[in-house]
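Asker: Please take these sequences and the hints and turn them into a complete structure.
Read top to bottom, the protein sequences are chains R and S.
The first sequence begins at 1 in full-length UniProt numbering and counts up by one.
The second sequence begins at 1 in full-length UniProt numbering and counts up by one.
Simulated from the structure, these hints should not be mistaken for laboratory data.
Possibly wrong hints are sitting among the right ones.
What the hints assert, rightly or not - In silico contact screen, one side only, chain S against chain R (beta carbon under 8 Å); selected entries:
#1 Y369
#2 V442
#3 E472
#4 I523
#5 V555
#6 I595
#7 L617
#8 S626
To be verified - If you want the footprint, here are the derived chain S segments under chain R, 3+ residues with CB under 8 Å:
#9 375-385
#10 496-503
Stated by the list, open to error - For each label pair, taking beta carbons as the anchor points, the in silico distance ranges come out as:
#11 S/Q279 - R/R16: 55 to 65 Å
#12 R/H188 - S/G459: 24 to 34 Å
#13 R/M408 - S/K484: 43 to 53 Å
#14 S/T378 - R/G258: 52 to 62 Å
Where is the CB? At the ideal position from N, CA and C, for every residue including glycine.
The primary structure of each chain is shown beneath.
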Amino acid sequence: MPDVQSMVVEFVNKLRKRKIEGSQATAKYTVELLRSVISQHRVPHANQAAALIDAVKAVGEQLVAANPVELAVGNVVRRVLHIIREEDLSLTTAAMAGLDLLDASDDDDEDNCKGIGYPAMSAAVVAAARSTLRPPSLQTLLEGTPESATVPYTSSSGADSESKTADKSSITRKLKHDVIEGVNQLIHEIAGCHEQIAEQAIEHIHQNEVILTLGSSRTVLEFLCAAKEKKRSFRVFVAEGAPRYQGHLLAKELVARGLQTTVITDSAVFAMISRVNMVIIGAHAVMANGGVIGPVGVNMAALAAQKHAVPFVVLAGSHKLCPLYPHNPEVLLNELRSPSELLDFGEFSDCLDFGAGSGSPLLQVVNPTFDYVPPNLVSLFITDTGGHNPSYMYRLIADYYSADDLVM
Amino acid sequence: MDTRRGALAVPKVRRVGFFTSIEPPPDSQRPNRSQSGPVEATTSSSPLSNSPSGNLISPVLIPPSRHRSDNLTSRAAAPVPVPGPSAFRRHLAHDRSLHVGSYNPADSLLGTSPPSSIGEFSEDSVSLFGFQRSDSAKLSSSFPNGGFDLTLAVRAPQESESRIANSSASQGIKKNVEVSGKSETVTTQSKKEKESKSLKEKTSKAERRAIQEAQRAAKAAAKGEGSRRAEDSGRANPGKAAKQPQLKKEKLPVTSSVSEKKAAVEKERKMDVPQTQMQYDDKNRVEKAKKRAVVEQTESKNKVELFLHLPQYERGNQLLNLSSNIFTLDTIHHAVYKVGLLHLAGDISGDNARCIAMLQAFQEAIQDYTTPPKKDLTMDLTAKINGYVSFLIECRPLSMSMGNAIRFLKNQIRKLPGNLSESEAKASLCSEIGRFIGEKIVLADKVIVQHAVTKIRDGEVLLTYGYSCVVEMILLYAHEIGKKFRVVIVDSRPNLEGQKLLRRLVTRGLDCTYTHINGISYIMREATRVFLGASSIFSNGTLYSRVGTACVAMVANAFSVPVIVCCEAYKFHERVLLDSICSNELGDPDAIANIPSFRTNAKHSKTMENKKNLQYLNLMYDSTPSEYISMIVTDYGMIPPTSIPVIVREYRREHLLL
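Answerer: Here's what the structure looks like:
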């Protein structure tokens, strides 16, 4: 499968060079790449779920390493891993149900059937199935991972009886098929997250509202336009988001859709916030603690909003939900871009040279890309599954990822 | 001790009773009066106004809390305390020593006031305890009186710093200074006890009382004299006194001559109340203004609804027209004209620079001025200046500090003695303007630098926003005297003033970090102090400065970094402001529309024309709530933002501020 390998390399290069911008685009590329990885992966007869997981993980690690700040990559890889595990598990339970594995001792819902055959391995399978289907808890983490539990099943069943092997081959084909189905669903979900979020706009925006946003986000654009289409008339202030000035792009899009738009400088955010009813921001990533990583300047807007008790709403598709807890995110999950966006090197060349002579840099230019907003400044998250509190994010995230994949 | 406690415990209740019911005979005019307590106290001794110490009309400084027992003992011990030669000398020496002392001694000295008034006094002063304490604490820096040297040492650090400013003015007789300083500090019980203990070593109680009373009497005398003088000058220029309505109210009942002046004062006050700014959504006024206008400004059409009350003009062609008829226009002096054009073109920026340029232009205009026949210099020159000012406003809305400077100039014109010849008057005006520039701006900056440098320690990271000349001076001076620190310069579009500062600092060898305002949350973690410049500070403590200052102060506050604002006292303004919408200035919207980057320029200019929905808002200022400001460094010392009204009120009354 050289073509997959080359695709991975190409994508990694793009990530490294920051050619792909925006978490949605990145997520889409990633999941499509992973789909082709899965479909081209030659699965062994035995233990195929583990093999798939390994393959995806290997690619995922490369991708994450290529741009560790783009959390969407990691998120999508974990999502795919989660899909593989779930499909594997559901197949397992289905197989178990078909084989009437279990003895009567257990009265769990999945163990309703009476066991005839293989009592030796049934206990392990049940434990594995149970632990995977259960919501993650400290106990699940401590009991042992579902992956390790599934291994004895597949290995033992491979070595077992003939009727079993016949079953196995059908399972093999089915697993890959199901996983690809699942990944396709994920692709669909990522592509459609804007619409899902925008549908809720009408519940949050009323007539004559004044909304402030910062930088450019397609989710925000769709959100505002959805409200506009429902005949709500409101006005939007767009902070331009220096030094990338994406706010200007957003403003133009909004104007093209007929919204009353005012572009302000970033420094005027505090001055204007007292007349704003709601701040709506598109996130770059949402951390498990409910903190938000957004375009630079967002923290300032959030603080100003808090000062004036203006609701601070964050829109985030589910691919932006990151299962990690941030540690020092202002630095570790940030990225410093080229100083040339802030200072004209030509103008300051003399000063820069002067610094180089003395050994220590006399002039530093800091141009961070992202800002971290702590959860206490966020009023509401709107995801494709609805609105949520910052404190609830960890639970929402637990639905999408399995606990083993948190550390890749 | 018990009586003292009692007095402290129920101040409010007593105060109410005191104000409404129990009144000694001389207070027939009482119903007229305002609520302010100390005034009542002073006016109750008004019948004594013929004595030097009796004319206690100055409202502000309530004596440090005295209690009944104290007063009684002092009365017993020193029925006729020595107003003596020393006190008199003092009064002469410090003409401005002012309302410092207590009013009690006046009573005890003259022995004419009804006995009940003593109780009143003590209650009164106690009831206003909090007010007095905070007030006097902040005021102490204002007194050129040497007597405060000691008190300063006792008081809060902020004054001990402000002492630097005053120490030059400090003089006086050593002993007096010592004792009076002590007596004035008695603001809290504990302090009082402490001091009395320390005093006990030297003198007996009775002696001490006597000395204190003498001091107070002397001060009261000096103050009485001073306020009478103020009254006299108020006749020539009552406007200043009228700036404080309470003050006027207090004055009224005191003597009959004052009440006669009431109408005049009222009129003057109306004149002197800061005019409300022109509201540009008021069609009638705008039309009227347009008829008079020299500069033909075209209102830009696509304005932001929230800011219809502010003028926003199309930029471009006026400048050419104006500069061509600079010599043909005779209503506006050419120097003023030049300054106006510089403002219009945006070639002068920075409040101090604009203010100095304007004042110098006025200086020149005054020198070239001749009074037309049959006209009064005062009236005519004021009208002329008004014309110049409205021309300048057409060019660019005035900053608050320029408004203050203009008010100063008008006051000077109004105050001109009638007997001066024209050339003398002109010379005096010019020298006054020169003094204003030198004292209130240039010298003030130097004092601020001296103060602020004490707040810079080695290894600090100082964050500043935009370009403020005072902050630049501070940083350069601190670097000069060998402090090791790093500077973070935060900048914002569209002016990018920070680059100017960056260039100046880097060429002088300072270590600099540069970022845009969006990165403020990132860079604030490194900063240990924030230095900000100001355009104006309002009397509710709101800082009015270039847009973005509020963001910086807010983030600094969120990161617990102290925010130090450097502002000359002439920029203080008695207006109040809550938000950045009501009072602001709109800059050129195109400055925002034009992005320096390569990405969108071509596309952009196309959309600009045909899209009515797209507006660009270029705010020039914003207002920072006072809770984000840790300290304000002014030429009077370092003060908290809550002290701004005190400075504005007291100093303006003393004619010190303007």
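Asker: Confirm or reject each hint.
Answerer: Hints and how they fare:
| no. | hint | result |
| --- | --- | --- |
| 1 | Y369 | 41 Å, violated |
| 2 | V442 | 29 Å, violated |
| 3 | E472 | 16 Å, violated |
| 4 | I523 | 6 Å, holds |
| 5 | V555 | 6 Å, holds |
| 6 | I595 | 5 Å, holds |
| 7 | L617 | 5 Å, holds |
| 8 | S626 | 13 Å, violated |
| 9 | 375-385 | violated (count 0) |
| 10 | 496-503 | holds (count 3) |
| 11 | S/Q279 - R/R16: 55 to 65 Å | 57 Å, holds |
| 12 | R/H188 - S/G459: 24 to 34 Å | 56 Å, violated |
| 13 | R/M408 - S/K484: 43 to 53 Å | 45 Å, holds |
| 14 | S/T378 - R/G258: 52 to 62 Å | 59 Å, holds |
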